[in-house]
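**Q** Place chain B on chain A using the hints.
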Amino acid sequence: MHTLPMYPTVLIDLIGSGLMILITFLALRYAYFLSSLDSKNFIWGFLFYFCMAMAAFSISRGVGHILKQILVLSDHKQIWKSLFPYSGGFNTTLMISLFAVIIYYHKGLAAYKAIQSEASKLFTANKKLEDATGELQTMNVHLEDMVEERTRELSESEKKFRHFFENSQDMVYFCNSEGSISDINQSGLEMLGYKEWPEDLNILDIFNNESELEIYVKALHEKGFVRDFEIELQNADGDLLQVVITANAVRDETGKMIGCEGIAKDMTRLKTVMAQLSDKQKMASVGQLAAGVAHEINTPLGVILGYSQLMKDDFSEGDESYESLVVIERQTKACRKIVADLLKFSRQGISEKTYMQLNEIVQDVVDVTEHGLIIDHIKVTKKYSEEMPFIFCDAEKLRQVFINLINNAHHAMEGGGEIIISTRICSEGQEVEAVIEDTGKGIPDEVKAKIFEPFFTTKSVGKGTGLGLSVSYGIIQDHEGSITVQSPVVISGTTVHSGTAFTVRLPVASEQPAAESLESMLKFH
Amino acid sequence: MLGLSGVSQAFQAHGAPEGLYVHQMSHVLFVCGLAYLYWHTRRTAALVSKGWQYLRSYCVLLILWNILAFTGHAIETILSPDDFMNSGSWSAVMLEPFTLPKIVFYIAKMDHLLCVPAAFCLLISLRTFYLEHKGEE
Numbered sequence: 000m001h002t003l004p005m006y007p008t009v010l011i012d013l014i015g016s017g018l019m020i021l022i023t024f025l026a027l028r029y030a031y032f033l034s035s036l037d038s039k040n041f042i043w044g045f046l047f048y049f050c051m052a053m054a055a056f057s058i059s060r061g062v063g064h065i066l067k068q069i070l071v072l073s074d075h076k077q078i079w080k081s082l083f084p085y086s087g088g089f090n091t092t093l094m095i096s097l098f099a100v101i102i103y104y105h106k107g108l109a110a111y112k113a114i115q116s117e118a119s120k121l122f123t124a125n126k127k128l129e130d131a132t133g134e135l136q137t138m139n140v141h142l143e144d145m146v147e148e149r150t151r152e153l154s155e156s157e158k159k160f161r162h163f164f165e166n167s168q169d170m171v172y173f174c175n176s177e178g179s180i181s182d183i184n185q186s187g188l189e190m191l192g193y194k195e196w197p198e199d200l201n202i203l204d205i206f207n208n209e210s211e212l213e214i215y216v217k218a219l220h221e222k223g224f225v226r227d228f229e230i231e232l233q234n235a236d237g238d239l240l241q242v243v244i245t246a247n248a249v250r251d252e253t254g255k256m257i258g259c260e261g262i263a264k265d266m267t268r269l270k271t272v273m274a275q276l277s278d279k280q281k282m283a284s285v286g287q288l289a290a291g292v293a294h295e296i297n298t299p300l301g302v303i304l305g306y307s308q309l310m311k312d313d314f315s316e317g318d319e320s321y322e323s324l325v326v327i328e329r330q331t332k333a334c335r336k337i338v339a340d341l342l343k344f345s346r347q348g349i350s351e352k353t354y355m356q357l358n359e360i361v362q363d364v365v366d367v368t369e370h371g372l373i374i375d376h377i378k379v380t381k382k383y384s385e386e387m388p389f390i391f392c393d394a395e396k397l398r399q400v401f402i403n404l405i406n407n408a409h410h411a412m413e414g415g416g417e418i419i420i421s422t423r424i425c426s427e428g429q430e431v432e433a434v435i436e437d438t439g440k441g442i443p444d445e446v447k448a449k450i451f452e453p454f455f456t457t458k459s460v461g462k463g464t465g466l467g468l469s470v471s472y473g474i475i476q477d478h479e480g481s482i483t484v485q486s487p488v489v490i491s492g493t494t495v496h497s498g499t500a501f502t503v504r505l506p507v508a509s510e511q512p513a514a515e516s517l518e519s520m521l522k523f524h
Numbered sequence: 000m001l002g003l004s005g006v007s008q009a010f011q012a013h014g015a016p017e018g019l020y021v022h023q024m025s026h027v028l029f030v031c032g033l034a035y036l037y038w039h040t041r042r043t044a045a046l047v048s049k050g051w052q053y054l055r056s057y058c059v060l061l062i063l064w065n066i067l068a069f070t071g072h073a074i075e076t077i078l079s080p081d082d083f084m085n086s087g088s089w090s091a092v093m094l095e096p097f098t099l100p101k102i103v104f105y106i107a108k109m110d111h112l113l114c115v116p117a118a119f120c121l122l123i124s125l126r127t128f129y130l131e132h133k134g135e136e
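Protein chains in written order, with numbering that gives the first Met the number 0: chain A, 0 to 524; chain B, 0 to 136.
Among the clues, some could well be false.
[What the hints assert, rightly or not] Straight-line distance between alpha carbons at most 35 angstroms, and here's what the computed DSBU-like set of lysine-lysine pairs gives:
id, chain 1, residue 1, chain 2, residue 2
1, B, K133, A, K106
2, A, K67, B, K108
3, A, K264, A, K281
4, A, K332, A, K449
5, A, K39, A, K112
6, A, K67, B, K101
7, B, K49, A, K127
8, A, K440, A, K264
9, A, K112, B, K49
10, B, K49, A, K106
[Claimed, not checked] Some chain B residues flagged as far from chain A (calculated, every beta-carbon gap over 10 angstroms):
id, residue
11, R42
12, A44
13, A73
14, L78
15, L99
Read the hints as simulated data drawn from the structure, not as lab findings. All values reported here derive from a predicted model rather than from experimental measurement. No residue lacks a Cβ here, since even glycine has one placed at the ideal position from N, Cα and C.
Pulled out of the complex, with its shape left as it was, chain A reads as follows (with noise of 0.2 angstroms):
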């Protein structure tokens, strides 16, 4: 007979229950530790409800069978008897809960869900409004930086052009629309003869002639601009001021002119020594053209000099012949004379140099000009300045030149009237300058440019020739110096008188010689 033992089911049974009392105690242990680990998470909180029913679920079960199975291998099979229902009893119960907690969770996790979308929802706007305010507050931080990097480039641009405002050796200026100058920079207030800013101030008032000034509105009115645009300025002393100015007009939204803005440089000085080098290259080129006539004509006048002065021993004196041959000598010499002179002017005359001063050059012309000056009423005043430098030069053609200035101031001053010369050291010690000023008419500006021309001369035929001044001016120049003119007399601005002030800089020679030598060579001289 076969049969199957029933004993692994048994073991099985006790086993089985004792394993599943101690995983599911230990499946509550993890629910317990997730629960704690977050209170408010509603799926652990469900877990941790379930293992519970679970266990006690596994105990009720366990415990029933493991009792069973001990009471009836025990032969108390009464007392499981009346055990057992209670035992049932506690595992269909426990099923129940767990099938409750089940539903729980159902009910619970839609609610929970509900929670969690409004909480979701929540989140998500709290999140919104930090990620707002997060950029609000990085927005504002950073437009508080991009203000102050703003604020630190126009403080920057502003310093640098306020220092170009006021640095700039040209006259920055603003003006309003009716020429009002509503601000100018220090060189143009110096420009424009004004040491502080006057009360009123008008761009139009300095424009010296009327054509310019018409231009220059029209331009701004109809193009809006000028460029490089020549003018003549008169500034508050009255000079005349040679600008070129560069403008724009200044408009409104509404394309109205409201001002304009403009830079303007002073060319004066430029433009004087632009003439002065004209006036050089011109006199360079008459002084070679002079050379070359006197050289050719020198010798021609030397034979018929020659020739006269040997035909007079042919004659007896008193005869017509005779005399028409002295007046040919005469002539002919005097010739000589101003050949002699256009090879000065030109530089080409012999040149004996020492050191002089120019105090001593100067008094020694004075000396012999001074009584003819008195007779005529001129009043003679030296300013000579004290332990004046030497100078390498030739004294005698120099005396010439003080001569010729002297003579001048003569000429000009027929009714009387005074002339000063003065000597003094200038251009920090490099050069020595002696100034001849007279009182006298002075020259217009059409004569002035002219004067060192050879045979320009305003007198009249036959009392001058009109190389005294080309002729100082060549002596000049073969001592690297420098002659100007000056009519009328203006000093710092003011007008002193209209009279002519020549004004000879000549330069300190390089190696001054001491007395004793000094003295020695003039002895020798």
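**A** Chain B only, in chain A's frame:
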């Protein structure tokens, strides 16, 4: 009616099979609950943790256990004490013929082979949740 409480209709009488029926119903309810838990955790996209996979394994194994237990309880009612010998001792055996109900009953008596792994899956599931959550903390 107050004097004749024995014939009163106010109380329903509970006969012997009622306890078994209730127990079997509880198995059905438990299965329903587990099936719902399985279905819901599977369809919820947010529940991606591996712990939920273990929990679903637990549901499957415990559903199988419930079915087995339900079957075992049902078969127990049709088996008689004559089908066994030496009942209540270590030498108890099942007698021939080994019909399908007897074999199913024998297997059902070893239902711990399903419920213990199911409980183990629950343990692993919770342990996984705990470790993951602790890691996040």
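**Q** Hint by hint, say whether it matches the structure.
**A** Status of the hints after comparison with the structure:
1. Between B:K133 and A:K106 the CA atoms are separated by roughly 27 angstroms; this keeps the pair inside 35 angstroms, and the hint holds.
2. Between A:K67 and B:K108, the direct Cα distance comes to roughly 13 angstroms. Compliance with the 35 angstroms bound is thereby established for this hinted pair.
3. Between the alpha carbons of A:K264 and A:K281 the distance comes to roughly 28 angstroms, so the proposed pair stays at or under 35 angstroms and holds.
4. Distance check on the hinted pair: A:K332 and A:K449 sit about 27 angstroms apart at the alpha-carbon level, within 35 angstroms; holds.
5. The suggested pairing of A:K39 with A:K112 holds, with an alpha-carbon distance near 13 angstroms, which does not exceed 35 angstroms.
6. Of the pairs offered as hints, the one joining A:K67 and B:K101 holds, with about 21 angstroms between alpha carbons and a cut-off of 35 angstroms not exceeded.
7. Taken as a hint, the B:K49 and A:K127 pair is honoured in the structure, with Cα atoms around 32 angstroms apart against an allowance of 35 angstroms.
8. Taking the CA atoms of A:K440 and A:K264, the gap is about 34 angstroms. The hint holds against a cut of 35 angstroms.
9. Of the supplied pair hints, the one linking A:K112 and B:K49 holds, its CA atoms being roughly 21 angstroms apart against a limit of 35 angstroms.
10. Taking the CA atoms of B:K49 and A:K106, the gap is about 24 angstroms. The hint holds against a cut of 35 angstroms.
11. No beta-carbon of chain A comes within 10 angstroms of the beta-carbon of B:R42; the shortest separation is about 12 angstroms.
12. Residue-level check passed: B:A44 sits 12 angstroms from the nearest beta carbon of chain A, beyond 10 angstroms.
13. No Cβ of chain A approaches the Cβ of B:A73 within 10 angstroms, the least distance being about 15 angstroms, so the stated non-interface status holds.
14. Distance check on B:L78: its Cβ is at least 12 angstroms (rounded) from any Cβ of chain A, clearing the 10 angstroms threshold; non-interface status holds.
15. The Cβ of B:L99 lies farther than 10 angstroms from every Cβ of chain A, with a closest approach of about 14 angstroms, so its non-interface assignment holds.
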